Amino acid sequence: MRPVLDHPWNLSPAEAIALQLDLRKRVDCTDHPLRLGHVAGIDVGFEDGGRTTRAAVVVLDYPGLRLVEQAVARRPTDFPYVPGLLSFRELPAVLEALTRLTVVPDVILCDGQGIAHPRRFGIASHLGVLLDAPTIGVGKTRLCGRHEEPGNEKGAWAPLQDGGEIIGVVLRTRAGVKPVYVSIGHKLSLTSAIRIVLACTPRYRLPETIRQAHRLASQTN
DNA sequence: GCGACAG
DNA sequence: ATCTTGTCGC
125 MRPVLDHPWN LSPAEAIALQ LDLRKRVDCT DHPLRLGHVA GIDVGFEDGG RTTRAAVVVL
185 DYPGLRLVEQ AVARRPTDFP YVPGLLSFRE LPAVLEALTR LTVVPDVILC DGQGIAHPRR
245 FGIASHLGVL LDAPTIGVGK TRLCGRHEEP GNEKGAWAPL QDGGEIIGVV LRTRAGVKPV
305 YVSIGHKLSL TSAIRIVLAC TPRYRLPETI RQAHRLASQT N
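Position in the first sequence counted from 1, then plus 124, gives you our numbering.
It is possible that part of the hints are untrue.
To be verified - EDC-like cross-link-like pairs, simulated, lysine to aspartate or glutamate; straight-line CA separation at most 20 Å:
#1 302 / 277
#2 149 / 286
#3 302 / 272
#4 149 / 130
#5 302 / 273
#6 149 / 139
It should be emphasised that the hints constitute simulated quantities derived from the structure, not laboratory data. Given the structure is predicted, the values throughout are model-derived calculations rather than measurements.
Throw the hints in and build the complete structure from the sequences for me.
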């Protein structure tokens with residue numbers, strides 16, 4: 125699975141913001157014919173006290189959620205962590221890992237926000253636009269926006285709003301646990317994103333895709 | 001000027 | 001994210 129769109133990565137924070145403002149015009153928040161056979165998850169971890177970025181991607185079959193393929197890529201960390209610019213720090217390694225897949229997933233769940241971002245262009249949207257593929261943002265904490273507390277049952281959710289628009293939802297993936305922040309990444313609707321995240325979360329707080337990718341990305345064996 | 005701030 | 005052991009609770 126290779127990116128269909130390319131652009132420079134050695135940018136200054138100001139240049140990165142300018143690029144986000146341009147690329148965000150390409151984000152598609154509508155559904156497309158989707159036949160879910162394989163779902164992927166991506167996550168990133170760090171080694172050597174942060175000097176090395178380690179990206180992991182796993183592909184599971186759907187709806188069984190059995191591991192079909194996995195890949196890892198390491199690259200020297202070259203961009204600092206700046207809230208709002210996470211994709212410039214993590215995507216280079218993620219793209220390299222994705223290139224090693226033989227199976228092309230139908231949708232990718234990302235550890236981080238989609239359009240629930242100050243400029244509506246979080247890591248999930250950035251990845252989706254580069255691949256021209258459906259992606260979903262699943263964050264463990266909030267980057268921006270306001271919301272009420274969702275009901276305490278699995279599947280309960282509350283809208284995440286910012287600047288008068290709904291940018292995502294706060295979704296309870298399991299009864300009694302801290303909810304996650306779900307937003308559109310690219311090429312699907314928020315309703316579909318919620319449905320897919322719940323279908324990928326049979327037992328734990330986080331979707332199986334992201335859980336397994338996280339295990340691969342941050343375990344220094 | 002004072003907070004907030006994905007991973 | 002990462003540095004780090006045990007411990008509280010179901």
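Results for each hint:
1. Among the hinted pairs, residue 302 with residue 277 is consistent with the structure: their alpha-carbon atoms are about 11 Å apart, no more than 20 Å.
2. Note on residue 149 and residue 286: the hinted pairing holds, with a Cα-Cα distance of about 18 Å set against a maximum of 20 Å.
3. Annotation: proposed proximity of residue 302 to residue 272 holds, straight-line Cα distance about 13 Å (limit 20 Å).
4. Between the alpha carbons of residue 149 and residue 130 the distance comes to roughly 16 Å, so the proposed pair stays at or under 20 Å and holds.
5. Taking the CA atoms of residue 302 and residue 273, the gap is near 10 Å; set against the 20 Å cutoff, the hint holds.
6. Our distance criterion of 20 Å between C-alpha atoms is met by residue 149 and residue 139, whose separation comes to about 16 Å.
When held up to the earlier numbered hints, the structure conflicts with none and fits them all.
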